[in-house]
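Asks: Here the protein sequences line up with chains W and L, keeping their order. Numbering-wise, the numbering used here puts 200 at position 200 of the first sequence, and it's gapless, one number per residue. Numbering-wise, the numbering used here puts 350 at position 143 of the second sequence, and it's gapless, one number per residue.
Read the hints as simulated data drawn from the structure, not as lab findings. Heads up, a few of these hints could be off.
Computed footprint of chain L on chain W, listed as stretches where at least three residues anywhere in the stretch have a Cβ under 8 Å from a Cβ of chain L [as the list claims (entries may be wrong)]:
1. 50-61
2. 159-167
3. 171-185
Quick list of simulated restraints, FRET-style, between CB atoms [as the list claims (entries may be wrong)]:
4. 239/L - 97/W: 52 to 58 Å
5. 328/L - 18/W: 34 to 40 Å
6. 296/L - 173/W: 51 to 57 Å
7. 90/W - 389/L: 38 to 44 Å
8. 173/W - 352/L: 46 to 52 Å
9. 221/L - 169/W: 20 to 26 Å
No residue lacks a Cβ here, since even glycine has one placed at the ideal position from N, Cα and C.
This is what each chain is made of:
Number of protein chains: 2
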Amino acid sequence: MDFITNPKIDEYLRSLVNIDDPVLLKMEELGHRLNFPIVDRLVGNFLYLITKIKNPKLIVELGSGFGYSAYWFAKALRDGKVVLNDYKEENIEKAKKFFKEGNLTEKAVFEVGDAVENAKKYKNIDILFLDHEKSRYLEAVKELETNLSENALIIADNVLWHGKVIEENPNNKTKKILEFNEYMFKSGKFFSSIVPLRDGILLALKI
Amino acid sequence: MDFITNPKIDEYLRSLVNIDDPVLLKMEELGHRLNFPIVDRLVGNFLYLITKIKNPKLIVELGSGFGYSAYWFAKALRDGKVVLNDYKEENIEKAKKFFKEGNLTEKAVFEVGDAVENAKKYKNIDILFLDHEKSRYLEAVKELETNLSENALIIADNVLWHGKVIEENPNNKTKKILEFNEYMFKSGKFFSSIVPLRDGILLALKI
Numbered sequence: 001m002d003f004i005t006n007p008k009i010d011e012y013l014r015s016l017v018n019i020d021d022p023v024l025l026k027m028e029e030l031g032h033r034l035n036f037p038i039v040d041r042l043v044g045n046f047l048y049l050i051t052k053i054k055n056p057k058l059i060v061e062l063g064s065g066f067g068y069s070a071y072w073f074a075k076a077l078r079d080g081k082v083v084l085n086d087y088k089e090e091n092i093e094k095a096k097k098f099f100k101e102g103n104l105t106e107k108a109v110f111e112v113g114d115a116v117e118n119a120k121k122y123k124n125i126d127i128l129f130l131d132h133e134k135s136r137y138l139e140a141v142k143e144l145e146t147n148l149s150e151n152a153l154i155i156a157d158n159v160l161w162h163g164k165v166i167e168e169n170p171n172n173k174t175k176k177i178l179e180f181n182e183y184m185f186k187s188g189k190f191f192s193s194i195v196p197l198r199d200g201i202l203l204a205l206k207i
Numbered sequence: 208m209d210f211i212t213n214p215k216i217d218e219y220l221r222s223l224v225n226i227d228d229p230v231l232l233k234m235e236e237l238g239h240r241l242n243f244p245i246v247d248r249l250v251g252n253f254l255y256l257i258t259k260i261k262n263p264k265l266i267v268e269l270g271s272g273f274g275y276s277a278y279w280f281a282k283a284l285r286d287g288k289v290v291l292n293d294y295k296e297e298n299i300e301k302a303k304k305f306f307k308e309g310n311l312t313e314k315a316v317f318e319v320g321d322a323v324e325n326a327k328k329y330k331n332i333d334i335l336f337l338d339h340e341k342s343r344y345l346e347a348v349k350e351l352e353t354n355l356s357e358n359a360l361i362i363a364d365n366v367l368w369h370g371k372v373i374e375e376n377p378n379n380k381t382k383k384i385l386e387f388n389e390y391m392f393k394s395g396k397f398f399s400s401i402v403p404l405r406d407g408i409l410l411a412l413k414i
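Starting from the given sequences, assemble the full structure and let the hints guide the process.
Replies: Dropping the structure here:
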């Protein structure tokens, strides 16, 4: 496993970001304790900023876990909603508690089940956040194409896959991620950029 | 000098970005030939995307060189203007030629002289791009505070300064950059994030 960002630079970036929301701190603590993958505070902070700039009405997440990224999205929303999706009911139950504690429940919709199928119920998605099963990213984008709003932004986490994307003999999952990145940059349907924060965030604006 | 992003990851990111604008290619070639610092295609690509999301009316650059970043901004503008500023007339003359060649002249205003003083003429700046003398970033932000629009975004290049920000004994210029970053994250006037692309890009949204 190769690293993506120089660990000392990463540490410096972390030293600049100050989190004072007790609910976010509690979620980080839970993620750490359960060794549950969350996008982390550098990415959360970045998602918040992008959401503030974009000012979306509807954000749909695929793969919300217990709601860490969704919580950042909700905080940044002016008057829209974020839809959380997870296949595990216990994750969504935890998310509900955190959102209640942070007074953000009215900005959220909670869904349990297959993320792509659930997302199909929503039209005019302004931000689609992909953080579910990595080998299903490309399928999700293709299946949800008509559910996106005119200037929709797709944000995908883990697109550098712990640095595995540069391995000489990538495994099947890594190949799926490489294929997804290739599509997002070269299909002509999106204008894309990858930000090498933590595990790699892809931003893709619908053309 | 420490590196910021794993060079192999950087190479992978570069392999995804395809530039087909002959003027941009010519500018990159000139930057390479003169060893003139330009933001490079990964950053240009990212600036384009952020500009598309933000949809600004007025972008003001401090330190435009021969116009590489400004050219990306201009391409992304729907109906606004980008103001180029450089203290060297010969740089601005080169920029004018490139903009003419790319049919982007009507989206640009060209200024020669002290970047901060020139920028003071402009009100309601939606994006302020800092790429002039690094030790003057903080001064620029303070002096131009009232020239920013309500939801202005400040974008600053080189905020990780070739990795020097993590050195044990930073020199004076590096200290100035550290002080600038500290201010952008902790003054309470901005919501900030640093993207470790190339030499580090700071995005700061006015609160």
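Asks: Compare the structure with each hint and give your call.
Replies: Here's how the hints hold up against the structure:
1. 50-61: Contact hint for the segment 50-61 of chain W vs chain L: holds, 4 residues under 8 Å.
2. 159-167: Coverage by chain L holds here, the residue count being 4 at a Cβ distance below 8 Å.
3. 171-185: holds (count 3)
4. 239/L - 97/W: 52 to 58 Å: Holds, since residue 239/L and residue 97/W (Cβ atoms, about 55 Å apart) stay within the stated range.
5. 328/L - 18/W: 34 to 40 Å: holds, 35 Å
6. 296/L - 173/W: 51 to 57 Å: holds, 54 Å
7. 90/W - 389/L: 38 to 44 Å: holds, 41 Å
8. 173/W - 352/L: 46 to 52 Å: holds, 48 Å
9. 221/L - 169/W: 20 to 26 Å: holds, 21 Å
Of the numbered hints listed earlier, not one is contradicted by the structure.
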